[in-house]
Each structure stands twice: as structure tokens, then as C-alpha cells.
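The hints should help you fit chain B onto chain A, whose structure is shown.
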Amino acid sequence: MSKVARAIGSGSKILNPGNPWTRVEYLIFELADEDIRANLDAMAKLDLAFLVRTLHDVATGLAQLHQAQIAHQDLKPSNVLVYKREATSKICDLGRAWDMNAAGPHDNEAIAGDRQYAPIEQLYGEKSTDHRVRRFGCDMYHLGSLAVFLFGKTHMNSLLIDKLAPQHRPGFWGSGYCAVLPFVQAAFDLSLEEFAQSVPELARNDLRVAVSQLCEPDPVRRGHPLNRRTRQFSFERYISLFDRLARKAELRLLMKTA
Amino acid sequence: MLKNDDPDRQVVPRWRSVESALKFRELAPLAQRPSDAFSDSMLDDLLEDWKRQPGLSVACDAVSAAFSIGRGQHAQIQEIARFVLKDGRATPAARRIASRCLGIETEAEAAGLSASAAIGGPFGDIRATIGKMRERLRVYHLNPILWTNLALAYTTLGAREKASRAMRVALAQAPGHRFVVRAASRLFLHHGDIDRAHAILARSPSVEADPWILASEIAVAAVRGRSSRLLAKAKRIIEARNHSLMHLSELASTMATIEADAGSAGKAKKLCALSLQDPAENAIAQAAWLERQKGIYVRALAQPQVISSNEAEAWSEFQSARLERASEAAKNWQFEQPFSSRPANFGSYLFLLRDDFRGAEQILRIGRASNRDDPMLGNNLAFALANQGRLEEALTVLAEFSNRTVDPIPAVCLTATAGFINFRASNLESGRRFYQRAIELADRCGLPPSAAMAKVHWGIEELRAQSNEFPTKISEAREAAKSLPAPLSGIYLAMLARAETAAAAKPHLAL
Chain A
1 MSKVARAIGS GSKILNPGNP WTRVEYLIFE LADEDIRANL DAMAKLDLAF LVRTLHDVAT
61 GLAQLHQAQI AHQDLKPSNV LVYKREATSK ICDLGRAWDM NAAGPHDNEA IAGDRQYAPI
121 EQLYGEKSTD HRVRRFGCDM YHLGSLAVFL FGKTHMNSLL IDKLAPQHRP GFWGSGYCAV
181 LPFVQAAFDL SLEEFAQSVP ELARNDLRVA VSQLCEPDPV RRGHPLNRRT RQFSFERYIS
241 LFDRLARKAE LRLLMKTA
Chain B
1001 MLKNDDPDRQ VVPRWRSVES ALKFRELAPL AQRPSDAFSD SMLDDLLEDW KRQPGLSVAC
1061 DAVSAAFSIG RGQHAQIQEI ARFVLKDGRA TPAARRIASR CLGIETEAEA AGLSASAAIG
1121 GPFGDIRATI GKMRERLRVY HLNPILWTNL ALAYTTLGAR EKASRAMRVA LAQAPGHRFV
1181 VRAASRLFLH HGDIDRAHAI LARSPSVEAD PWILASEIAV AAVRGRSSRL LAKAKRIIEA
1241 RNHSLMHLSE LASTMATIEA DAGSAGKAKK LCALSLQDPA ENAIAQAAWL ERQKGIYVRA
1301 LAQPQVISSN EAEAWSEFQS ARLERASEAA KNWQFEQPFS SRPANFGSYL FLLRDDFRGA
1361 EQILRIGRAS NRDDPMLGNN LAFALANQGR LEEALTVLAE FSNRTVDPIP AVCLTATAGF
1421 INFRASNLES GRRFYQRAIE LADRCGLPPS AAMAKVHWGI EELRAQSNEF PTKISEAREA
1481 AKSLPAPLSG IYLAMLARAE TAAAAKPHLA L
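These protein sequences, in sequence, are chains A and B. The numbering of the first sequence is my numbering, which starts it at 1 and goes up by one. The numbering of the second sequence is my numbering, which starts it at 1001 and goes up by one.
Hints are computed from structural coordinates only; laboratory data are not their basis. Fair warning: this is a prediction, and the values are worked out from it, not measured in the lab. No incorrect hints appear here.
Distance condition first, Cα-Cα at most 25 Å in a straight line; then the derived SDA-like pairs of lysine to any residue: (1) LYS127(A) x PRO1205(B); (2) LYS1051(B) x ARG96(A); (3) LYS1269(B) x MET1246(B).
This is chain A alone, in the form it adopts within the complex (with noise of 0.2 Å):
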């Protein structure tokens, strides 16, 4: 689990010492030096290396997860903490986690993450019976929304809202995800194409298609097309991906200070 926070200890403590309900459990993690978000203002320039780097150390930390058979479920910029030092990022935050083998406080939640990050189709209230479209999609859809964020400052979901039309969008419509679906689809289109615009020119396409996949409204087609007989959300796919255009980046900039 070399790309997710570990936790180093753990306690707990009684915040009003005369009130016994006021006691807080709590973990402590190894220590980052900020949220990718600080780190994203701190750049003078959008850095393509950083960037891919960074959804190649979270991809390969979801896919830590899901090896345990662990779906992370909460995957937002501040849950993403950059290590300087180890010159890496990390996942952190498992506390809407959901584990094959073990029962959850929120695995009966029909949104298990916070809700303005969910899935398109959480947010029209779809739940499918099938746990690895249900958990491990989630996880997919979260890798490509903070594709989105890193380059455009936004998330998928905004960019799919801003592009319905009201009477579509999910705090009106209420005739089930199916008859949406075509609608989100039309919007999604439109959202690639917005979000490629932010991207630099070397990652585009390659990007676009990446997200194309992984945030694909319809969460039984999420995922690279040749994986979805078997291994639908596997990530292994996007982390080859990343790691190539990070390195083509890394190269660039190397050429160019050179």
C-alpha cells in the first residue's frame, strides 16, 4: 500500500472532560506536507509531469485497494496529500471505505463518499445490485473527475450539470437514471471536449480518452473497453498510461532545461 496514507497510531480522547459523549476516536497518519490543492496553487504553471505523476500514484494506490478488495468510495482533492520529500502523493481518508470482507457503518448508504463527488448516476440515485459497479466504479469515476480537477479546477460532475438542461439535471429529475442517461451522455460529450481545452497539448488525447473511460456515465461501460468482459475496473491500464506520459513530460522538461 505504497500510495495510500499508512496510520501510525491511534487514540482517543475526551474533547469536554466532563462529558463522557464528547470522547473523538482518532488515527494518526504519516505526516504530508499538504492536500494536492495547496500544492496546485503553489505551482506558477500548470506542470503536465506533476500532474500525470500524480494520477499515477493515485491510480496505483486504488488499485492497492481493490487488490485487499477495498473500494475507497471518498477519492476528492483533499483526500489526495503530497509527500515532498518522497517526491510522491497518496491517498488518504478510508473512513467511507467500503471492504469486501469486513461489514461498514456506511456500506448500506446509497452514496458512501460525499455526495457532490459521486458518480453522475449516485446522484440521480442509482444503486446497482452489482457491488463492483456500485463500489469499485465509484473509484473509477473519482480517478477521472480528479483528472478533471488537477487540469481544469473543476469537477466532472459541474462540468456534466452546467450542461443539461435544468429539467434534467439531478435535483429535478425523477424518472429514474435510465431515462436521464442519453441526456448525461450528450453532456458528457460536450464535457470532453471542454475538459481536453485544459489539457496540454502532449497529454490531450490520450487524456481525453482516459477520462472518456473512466468517468463514462454509464457505470456498466465504465472502464477501458478491452477490460470489460474481465477486470472491468482495473486500473492497471491507466497507471501504464500515466506513467508513460508523466515520463514523455518529465523528458520534455528535462530537454528543455537542459
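Here is chain B on its own, set in the frame of chain A:
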């Protein structure tokens, strides 16, 4: 020359671009979500982050997340959105979302869903739009709405096979979707494949649940000459009123037509009135047709509606002899249904009655792109061209129908137009023979209005030619015009008067 009003109009589904369908409320959800799906408390963590770490990325994160759950109006989010807009480093996408939260950009753009997916209308460069759509589908192909719009664009150009292919993909991707299913059915109706048009609706997984699809199924079954197996179901749905009146409008209108055809005028009237309480565009057009053709008058039709029907407006203005308004409405009707022959037919006729031959030609060129075999459109185009002095082109168009069997009305029109072209080519005798033949044919087929119209045009041509026969023929023409029903009588008398004024002003036209 007017082909009679559709004698058997059914509420077959309209096929419009998705933008237009949205405007006409055909894509609204059957059920609305409870308003408490999302709440302000969902923003607490983000607002806490903003207090601790007030940077651009946190601001963008907060604004974007709030917008996703429809909480862009939250006071603190608005403050953060202003911060985003002030920061020059914010990306265009982040700035737009911040603007949306602040209400700086209207929702009108969003209501258009996908402006770039629109076909551009019949007067736009449809070929360029098709190119763009195909390019987008190459990048992301799971887009049944765009496939449907592509099929519409192909149909508008008359590319049937390509349209069918695009529609098949859309259907495979969204077999139960209201917009796709209704569009597909309309496409195959346009192609004359009525069985298939009906099967698509009847087999749709949503046919019994969605009153819009159910209405289309019943209407297309009627076109097919069959009675739908879902009539009882439709009655129950209307009686139950579990859906809003707007969603029931087309279904009530369809059932009104079924009842009217069965001779139950009372039931038809009640259903028609129901269909107009919160009407769909097609229901308004159908109510106007029921009034014209079946004498079923519903008072609500005369009252202002939430939306208007260009088809109904065109007919209504025509009946009031306001030809300019009628032709504009018909033009808009064609803009919505560019592939349909009906707006092209009626619209071109209205332009011809106003002596606007260029306007008629424009509307006909669009209509003929996907209705090349329609003899009335060919006839009207030949007439419009000949009136502009383009006789060779007019003859070429007319020749397309020379060896074809056509219905009596277009046959009369085509023959009379041949007479007209001969007059304009100074072949007076030949022109007279054609006009005579047209009138005889109309008489034989029991079409007195067609015969009368031919007489009016013949008289005008004799007058224009200042021939020896013109006093007799003008007199006959005037009588013929008087015999026409309103509003045609007044329109044709005015046409005669215009011709007489022109002849008096330009005596040099005499041969």
C-alpha cells in the same frame, strides 16, 4: 396549387432536434425529484476547508462541488465564486461554473443542452454540421442523442440509408428512450416503412409506462390501419391522472382522434379539451385539424397557450386570409420539421399565393431534399421557377413526373402548370390545351376547387398575353374564383385583381 388538407391526420410523433424538443417540453421527466435530495449541510466540510486554506484550488473545489448539488446560491459559495472570478489563474471552466453560481450567465444556454449538437436548422450549413457531429462521435460514440440528431440531419438532406444507419445505432444504445424511440418511428414513417415505425414503438420497453410513447404507438397503429392493443391501457392512464396534464396531452389528443374517427364526437371533444389544458405542440396542431376537418370545436383552442404550434398558426392565419403571417408560420414549421413534405407543401403554396416566388423556391428546395418524389412539391417548384422566368429549369422539374402515376390532385396541378409554362413560353395554343385538359381531369375526378383554380390561372395568363380570348377567360376565372370556398375565394379574387392592375400598368406585355 393546394393539395387538400391532410384528410387523415394522426398525432404521429414530431421529430425535432433535441434543442427544439426541449423547448416544446417533450423531454421533461415524468416524475420530479423530492426537493430535499441535497442540502446546504453537505457543504460544511468544504466551507471549513475554505476558512483554513483560502486558495484558488480550494475555492474552485468548493464552487464546483456546490454547483454539482444545486447549491450555487449559498451565500458563502457566492462569495467564494467572486473570489474565483477575480483570480486571473482560474481556468475558463472554473470561471464559467463560478459565473453560473452567481447567475451571471443565464440558464438559457444550458436549456439548449448541446448547442453544437444542433443540426443548424434547414437554413444552416447542414453538411458542415454533419461533419462536426461525425467527428464528435468518433471521439465519443456512446451518444444516442447525437446519433439521432445526425439521422435528422441526414434525413433533411435526403440521405436515407445514412439516416437509417445512424438511427439504428441510436436505437441500439437507447431502445427505451422517449426521444430516440419517437424519432426512430418518425424516420421510418418518413421512409414509408410503417410496419417498422410501429414495431419500434410497440416493442419499446417504455411503451406502457411513458404516455408520450404510448400516444405515438396508438397514432402510428392508426396510420397502419390497425387498432392498438393498448387502447384500454391509454384510457386507464388518462383517467388515473397520475401524470401531469402536459404529459397526457398527446395521449388525450390521440384518443380524441380515435374517438372522432369512430364517430364519437362528444368523447372526442372532451378528450380534445383535456389535451389543451396544458398542451403539447402536436396536440394544438391536432385540435386545429379536428376543428377544420371534423368540426370538433374546443373553446380552449382560441385561448392563448403556454406554447404555440407553428402548424396550427399557419392554418389559422391562412383561414383568416393573412397570408404573410401564415407563410412565416409555415416557414417556422418547416424549420422544426425540415424533412417533412407537409410544411414544404403548404408553406410553398402560401408563398406562391403572395407572389413571393423566391420564398417559395427556398422552402421547396429544403422540402424536396428529402421528398424528391413528391409531385406536389415538384409542381410548386416548377410553378415558382416559371414565374421567375426560369422556364427551362421549370420544364426539367416537371419532366421528373411525366411518366409517373400520381394522385388526381397533383395530376391536375402538374397539367395546369404545364399549361402555365407554355403560356410563359408564348405557346398559347399548347398552353390552352394543357389548361383545358387539367380542368377536364379535375371535373372527371370530382375536384371542383382544383378546376376552379386552373380556370383562374388560365384567365390570368390570357390577360397577361392580351389574347383575344382574355375577356371571356377572365370572366370565367372570376366566376370560378367566386365558387371557391373561403378563404380561397377572396384570395383568388385578389389575385385576379392584381393581374388586371399589372396588365393595365404594363400594356407592353401584350403579344
